[in-house]
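Position chain F with the ligand relative to chain E; hints supplied.
Protein sequences, first through last, are from chains E and F.
One gets our numbering by counting positions in the first sequence from 1 and adding 19 to each.
One gets our numbering by counting positions in the second sequence from 1 and adding 1 to each.
Any given hint might turn out to be false.
[As the list claims (entries may be wrong)] Here are the simulated DSS-like pairs of lysine-lysine, each with C-alpha atoms no more than 30 Å apart in a straight line:
#	chain 1	residue 1	chain 2	residue 2
1	F	K374	E	K159
2	F	K428	F	K318
3	F	K234	F	K296
4	F	K348	F	K413
5	F	K420	F	K296
6	F	K234	E	K85
7	E	K275	E	K159
8	F	K6	E	K159
9	F	K413	F	K318
10	E	K159	F	K171
11	F	K234	E	K21
12	F	K296	F	K318
13	F	K420	F	K348
14	E	K85	F	K171
15	F	K234	F	K123
16	F	K413	F	K428
17	F	K348	F	K428
18	F	K318	F	K234
It is worth saying that the hints were derived from the structure and are not from the lab.
Single-letter residue listing:
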Amino acid sequence: MKLTLNNVEIFASTGGRDFNPSSGPVVLFVHGSGQSHLGFMLQHRFFANRGFQCITPDMPGHGLSKGEALTTVEAMADWYAQFMQALGIPKAILVGHSMGGLIELELASRCPDLITKAAFISTALAIPVNDALINLAATKESAAIAAMMDWGHGTAGHIHDHTMPGTSHMLYGSRLMAGNAPGTLHKDLVACNAYANGPTAAQSVTCPTLTVVCGQDRMTPRKTGLALQAALGGELVEIAQSGHMSITEHPFDVNKALRAFF
Amino acid sequence: MADYKFDTLSLHAGQSPDARFGSRAVPIHQTTSYVFDSTEHAAALFNMEVGGHIYSRLTNPTVAVLEQRLAALDGGVAAIATASGMSALFVTVLALCSAGDHIVSSSQMYGANINLFEHTLKRYGIETSFVPPNDPTAIAEAIRPNTKMVFGEVIGNPGMDIMDVPAVAKITQAAGIPLVIDATFNTPWMVKPIELGANVVIHSLTKWMGGHGIALGGAVIDGGNFDWGQNDKFPMLTTPHFGYQGAILWEEFGPAALSVRIRTEGMMNVGPCMSPQNAFYILQGLETLGLRMEKHMSNTVAMLEFLVGHEQIAWVKHPSLPDHPDHDTAMRLMPKGQGSIIACGIKGGRDAGRAFIESVQLASHLANVGDAKTLVIHPGSTTHSHLTSEAMASAGLTDDLIRISVGLEDQKDIIDDFKQALRTAGKLTSTQAKGSGA
Ligand SMILES: Cc1ncc(COP(=O)(O)O)c(C=O)c1O
Numbered sequence: 020m021k022l023t024l025n026n027v028e029i030f031a032s033t034g035g036r037d038f039n040p041s042s043g044p045v046v047l048f049v050h051g052s053g054q055s056h057l058g059f060m061l062q063h064r065f066f067a068n069r070g071f072q073c074i075t076p077d078m079p080g081h082g083l084s085k086g087e088a089l090t091t092v093e094a095m096a097d098w099y100a101q102f103m104q105a106l107g108i109p110k111a112i113l114v115g116h117s118m119g120g121l122i123e124l125e126l127a128s129r130c131p132d133l134i135t136k137a138a139f140i141s142t143a144l145a146i147p148v149n150d151a152l153i154n155l156a157a158t159k160e161s162a163a164i165a166a167m168m169d170w171g172h173g174t175a176g177h178i179h180d181h182t183m184p185g186t187s188h189m190l191y192g193s194r195l196m197a198g199n200a201p202g203t204l205h206k207d208l209v210a211c212n213a214y215a216n217g218p219t220a221a222q223s224v225t226c227p228t229l230t231v232v233c234g235q236d237r238m239t240p241r242k243t244g245l246a247l248q249a250a251l252g253g254e255l256v257e258i259a260q261s262g263h264m265s266i267t268e269h270p271f272d273v274n275k276a277l278r279a280f281f
Numbered sequence: 002m003a004d005y006k007f008d009t010l011s012l013h014a015g016q017s018p019d020a021r022f023g024s025r026a027v028p029i030h031q032t033t034s035y036v037f038d039s040t041e042h043a044a045a046l047f048n049m050e051v052g053g054h055i056y057s058r059l060t061n062p063t064v065a066v067l068e069q070r071l072a073a074l075d076g077g078v079a080a081i082a083t084a085s086g087m088s089a090l091f092v093t094v095l096a097l098c099s100a101g102d103h104i105v106s107s108s109q110m111y112g113a114n115i116n117l118f119e120h121t122l123k124r125y126g127i128e129t130s131f132v133p134p135n136d137p138t139a140i141a142e143a144i145r146p147n148t149k150m151v152f153g154e155v156i157g158n159p160g161m162d163i164m165d166v167p168a169v170a171k172i173t174q175a176a177g178i179p180l181v182i183d184a185t186f187n188t189p190w191m192v193k194p195i196e197l198g199a200n201v202v203i204h205s206l207t208k209w210m211g212g213h214g215i216a217l218g219g220a221v222i223d224g225g226n227f228d229w230g231q232n233d234k235f236p237m238l239t240t241p242h243f244g245y246q247g248a249i250l251w252e253e254f255g256p257a258a259l260s261v262r263i264r265t266e267g268m269m270n271v272g273p274c275m276s277p278q279n280a281f282y283i284l285q286g287l288e289t290l291g292l293r294m295e296k297h298m299s300n301t302v303a304m305l306e307f308l309v310g311h312e313q314i315a316w317v318k319h320p321s322l323p324d325h326p327d328h329d330t331a332m333r334l335m336p337k338g339q340g341s342i343i344a345c346g347i348k349g350g351r352d353a354g355r356a357f358i359e360s361v362q363l364a365s366h367l368a369n370v371g372d373a374k375t376l377v378i379h380p381g382s383t384t385h386s387h388l389t390s391e392a393m394a395s396a397g398l399t400d401d402l403i404r405i406s407v408g409l410e411d412q413k414d415i416i417d418d419f420k421q422a423l424r425t426a427g428k429l430t431s432t433q434a435k436g437s438g439a
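Only chain F is shown next, with the shape it has when bound in the complex:
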């Protein structure tokens, strides 16, 4: 027996072959509830004296395999799977913050993450200060006595600014508050934020972790490396729970106190649980995470080689490129690969961008990332089409920006598709140039 490595854990962690039928694949326990052996057994389950399942809003055997696999892959003491990445973030905030509390968050993040903090939580009395993720000094300065967490993405979506997790972890440790990281864009294959000092990891499993684009899902991984008893900032963990005979979770469950709180409050009272079927799909994806990530990375390198210096490409942004402002941090934190999202600008502005997107044949034009298939989107003609160029610039976007999520197709086929689409976009812009020049 050994301390299993990443690719082995991706295939096996969390599952002992089914004792009754010997099923090798993870069985889909499509059930809402579980028969108790006796009233005593039921009482013991309700009181968290023994492990087991009561009701699938709380736990489910198929979902538990996924959770245990995620904990093993990210180096956490426990994990909780949720219906989506967004609900994973929400149940975490619910366990750490109350009205009157404050959050310090990266200003460069996935839009819904920003909106949750800026609009939704604000209505419930939780305030957020947004700061650049790559400026540890600004992060430190934004922390107040009532700050309960610092939050950011390792690779920001869509700007790809990099948070220097070890540097920020030093700041949060000194402040006695946890560092919560959205690790969707890096996955534990590229970097495990908990090993770098983060305390909680959030995933949208919808992206690379599942990898197939067939199931939404999220997860919270509890690093178990934060001393919740060091101050009185986290009463949800250090004072009697409203249930469980007033258990003090930090005393009773120690390193797993946060995940127990999330399970017994966020999952219990809000209920964003993952379905067993989706857990099964995401487990299928995780089995090949290492293999897929290697190919995502090598295809990204090939795509970058094609794009950089191409006559129709105005600029290319990727953390592996030396001119990326956080290049050094990216290479230090993620030496195996810096992600498979590329942003680039097409010469000819918004119209050329639109023409390119409409001309790709193999790449899919849609609003997702991290699929096995190559995806492209042009914010200027879709999600942000209502904005002027100036308004887009203030959101950190340019109207020529194309976001590419590099997939697993044969490199040559993707590049050929981009070549022909760029040719079409080029024709359009040269006709326009002629027209307007006349």
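Next up, chain E with everything else stripped away, as it sits in the complex:
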């Protein structure tokens, strides 16, 4: 669906189903740096057909949304609160991946009443990004995307073995990221790197939580995922064989964990 938020045309995927926040529990998927709704391709269709009202917006500058990317995680959290208000969503289950997890932490601390449950997938309390990658995103975005695809995938991704027959993880992921407005990735990485309120925000999360941690994750390594889970309490699911892009690399395991948690 398309809507206008702060004068910007925004696209939100509904997993191929009509979206009606009053006819079932709402699941709001929050994408990560340089990503879009397409990263959750194998989640939002799945849950939309299992009684959930799924909604996965593209933040400004991402995917099919227009506008310019926001520049801080705090501003992104406010944006999601406005998005929920604009669509008349009183409360939602949140599912955040990577930087989406930071946005979720911040949103939970700012507007706890909006969230019934929160799932954190392949994320951490903080996601420091090295200067070399930030600079590369500014000067040669395609090289930064290639590096992120390399670091972001585990065995299945590197061997191009996808659950959707005939598809390549890393090449699909690269095209997805290249489809965002130029400059978006750099802004996201800067925002990710600058966000320092995670540990404080985590303390104010009161809803039930699930943390999904992956054994081959080189972007938010296992131990940082475990630190997030320790701060939040709540449930923990480990996927030993997955890299950072667990939502596409190991969708069966991720969906199983989410389903049990919802």
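Chain F with the ligand in isolation, oriented as in the chain E frame:
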């Protein structure tokens, strides 16, 4: 873990060793259908909510390994393997064009590609304008408001004209239409058209990709680099699908929208699927693609050295030769090698050509290219024997033309075979010359 390189991908891409038995080779899943875990699992598969297999007309685990390997090698987001190169082209056209649409195509292509556009698609209301592949201006001028794709081969078959893919990609990008490239003659080892700006790649896997001449096959590689939502030219991708609860593929699948459409329409409703056995054969070939292509190239260089300046050879055409009209483009696009097809003319015309073909012993006289074995054909006495010299000339062929597909034999053995066959052809023509001169 690393971002694997070409030769590694040729061996490994698409396959994780089988989890149950640990088979290292790709298992041949010789099955038409797959048992569902539950009705819910079946419904999820039918609705494309989860990955997996339903029926082998759509997908098959062995074929999927091949598809993923091809996507990785050509730099596409997804691939679909088909029964032949021709069906790969057909299912692509089906996803992009409808009655009333128009295609701009190279005029120098494999005959069946030309015939599909000129005769078959025309009957269904899709018109094609044919233009020289090495004339970007002519290509740009032929594009109309209802044009839905530009199509050509990087190295044209049989004339070996070269399409300047980056230059044509600029034109198609400006026109908001995809550039579809038949990459059969170059393979991703020589050049990856998607990296040069093409949007879709078609292969006949029957040729160099398989390399053994034992299995037909084709593939469509979806570059995932075209914005299907930028205009309203591609309703098959941007308006609700007839199935899948009216999914809008561009919104749901983004860069893979085209391949999903091909899978769910061309493969589903027409059905030119590849057999698992053929996928296995072609995977065996792909494992050595890099090695084979290097040898094809070095043997081609040796063959060219032998042919150029040979007293019985009237002319030699190959993109690596400085007198080839598209030499510069060829060297720029394909610095590693310019293909293993050589065209040459034998002094003495049609009769000498026939005598040469009938005298080769090691080279095989047949209608294929890209085999590991050296192949030769003389259109003047075979495929085009019914035509007069004048009619052949208008098809871009001369009656002395021999097409050579240089194989992987020891260089000396192939050249020795050509030497003796040329000697025999030479004897024949000198006797004829004496006879007619008397
Ligand atoms: C350039 C080219 N494209 C396509 C094809 C058709 O492929 P297939 O024979 O696998 O259908 C051929 C076959 O000769 C070819 O040479």
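Status of the hints after comparison with the structure:
no.: 1; hint: F:K374 to E:K159; verdict: 44 Å, violated
no.: 2; hint: F:K428 to F:K318; verdict: 24 Å, holds
no.: 3; hint: F:K234 to F:K296; verdict: 44 Å, violated
no.: 4; hint: F:K348 to F:K413; verdict: 23 Å, holds
no.: 5; hint: F:K420 to F:K296; verdict: 21 Å, holds
no.: 6; hint: F:K234 to E:K85; verdict: 21 Å, holds
no.: 7; hint: E:K275 to E:K159; verdict: 38 Å, violated
no.: 8; hint: F:K6 to E:K159; verdict: 21 Å, holds
no.: 9; hint: F:K413 to F:K318; verdict: 21 Å, holds
no.: 10; hint: E:K159 to F:K171; verdict: 21 Å, holds
no.: 11; hint: F:K234 to E:K21; verdict: 20 Å, holds
no.: 12; hint: F:K296 to F:K318; verdict: 20 Å, holds
no.: 13; hint: F:K420 to F:K348; verdict: 14 Å, holds
no.: 14; hint: E:K85 to F:K171; verdict: 24 Å, holds
no.: 15; hint: F:K234 to F:K123; verdict: 19 Å, holds
no.: 16; hint: F:K413 to F:K428; verdict: 22 Å, holds
no.: 17; hint: F:K348 to F:K428; verdict: 12 Å, holds
no.: 18; hint: F:K318 to F:K234; verdict: 40 Å, violated
When each numbered hint is compared with the structure, violations occur for hints 1, 3, 7 and 18.
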